[in-house]
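**Q** When we follow numbering that gives the first Met the number 0, the leftmost residue of the sequence shown carries the number 0, and every step to the right adds one.
The set of hints was computed from the structure by calculation and includes no laboratory data.
Quick caveat: nothing in here was measured; it's all calculated off a predicted structure.
Treat the hints with caution; some may be incorrect.
[Stated by the list, open to error] Okay, derived cross-link-like pairs now, DSS-like style, lysine-lysine, Cα gap no bigger than 25 Å in a straight line:
id, residue 1, residue 2
1, Lys208, Lys105
2, Lys176, Lys208
3, Lys163, Lys110
4, Lys163, Lys208
5, Lys208, Lys160
6, Lys202, Lys176
7, Lys136, Lys110
8, Lys202, Lys163
9, Lys160, Lys176
10, Lys136, Lys208
11, Lys136, Lys107
12, Lys136, Lys105
13, Lys163, Lys176
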Amino acid sequence: MRGIGRRSGGAVMSAAVAAVAAMVAGAALTGCSSGGSGSGHGKSSGHAKDKDVEFSGTYVPGTDGKGLDKVTPGARPTSPSSGRLVGAAGSPCRLPVTFALAAQWKAKAVKPVDADDPLAELSTQGETRLACEIDAKPAGHIGFLRVWTAPATAGGGDARKVLKGWLAAPVVGDVRKPTYRDITVGGKAGLPAVEVVYESYSKLLDETKQEHAVALKTSRGITVLHLGGLDGEEHEGMLPAYELAKNTMAS
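Please model the complete structure; the sequences and the hints are all you need to start from.
**A** Now the structure itself:
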């Protein structure tokens with residue numbers, strides 16, 4: 000736990016408590032997960048087309064000019080050594096989009112939760128439902144990439160409205176300084192999307208950390224990809240995997 004190891008005194012205890020809480024919450028959600036095909040909203044027509052799950056290319060920066068070398072220092076993936084796509088037929092999660100899975104990260108589909116289930120509020124934000132969790136622990140980080148999906152008609156078909164509704168959900172907590180921008184994801188594919196960068200405040204740790212989310216609409220639905228993390232250091236360490244997913248997205 001690199002984000003915990005450099006803390007001292009009471010901060011160590013607080014961070015340790017937060018780590019346990021984060022892992023318990025993750026376990027609660029992934030307890031609803033399945034290793035099968037999973038589902039988004041309704042029938043399979045809402046998912047990406049069946050395609051080969053192998054990813055044969057290398058990392059291609061998005062057309063917004065922000066490559067991984069400008070995101071965070073240190074090691075970063077330039078191609079997914081697993082050679083797999085998330086979202087395609089045969090992958091753990093069937094989604095409206097596909098993207099490259101970073102090395103050692105593990106994806107699991109999240110089953111739909113009934114409205115009266117105690118976990119319902121954790122798996123629904125705004126008009127979106129949690130469809131896939133990608134765990135960073137096998138890669139040495141504490142956090143998840145989470146994929147939320149909604150029908151193409153959500154937000155009147157506007158991905159920005161869906162993203163704002165997602166961020167405004169009570170379960171998100173104390174959000175500060177949200178900044179939205181229109182970007183292009185998918186490298187050469189050139190898919191229009193909207194990204195928000197914001198700070199979330201933790202009362203437990205009495206600190207803020209940066210988080211990222213990106214939303215885009217395709218004919219198969221609206222997708223929100225979110226990166227959180229235990230703390231700011233963990234978030235920064237996981238940014239390359241987020242950038243890899245964002246810049247390899249395809250419909």
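**Q** Take the hints in turn and mark each one as holding or not.
**A** Hint-by-hint comparison with the structure:
1. Taking the CA atoms of lysine 208 and lysine 105, the gap is about 24 Å. The hint holds against a cut of 25 Å.
2. Using a Cα cut-off of 25 Å, the hinted pair lysine 176 and lysine 208 holds, with the two alpha carbons roughly 11 Å apart.
3. Taking the CA atoms of lysine 163 and lysine 110, the gap is about 24 Å. The hint holds against a cut of 25 Å.
4. A C-alpha spacing of about 19 Å is found between lysine 163 and lysine 208, which places the hinted pair at or below 25 Å, so the restraint holds.
5. Restraint check for lysine 208 and lysine 160: satisfied, since their Cα atoms lie roughly 24 Å apart, inside the 25 Å limit.
6. Under the criterion of a C-alpha separation no larger than 25 Å, the hint pairing lysine 202 with lysine 176 is consistent with the structure, at around 17 Å.
7. In summary, the hint linking lysine 136 to lysine 110 is supported, as the alpha carbons are separated by about 21 Å, within the 25 Å threshold.
8. Our distance criterion of 25 Å between C-alpha atoms is met by lysine 202 and lysine 163, whose separation comes to about 23 Å.
9. For a cut-off of 25 Å, the pair hint linking lysine 160 to lysine 176 stands: about 17 Å separates their Cα positions.
10. Only pairs whose Cα atoms come within 25 Å are accepted, and lysine 136 paired with lysine 208 is accepted, the gap being roughly 19 Å.
11. Pair hint lysine 136 plus lysine 107 holds up; C-alpha atoms about 13 Å apart against a cutoff of 25 Å.
12. Between lysine 136 and lysine 105 the alpha-carbon distance is near 8 Å, which keeps this suggested pair within the 25 Å criterion.
13. Of the pairs offered as hints, the one joining lysine 163 and lysine 176 holds, with about 13 Å between alpha carbons and a cut-off of 25 Å not exceeded.
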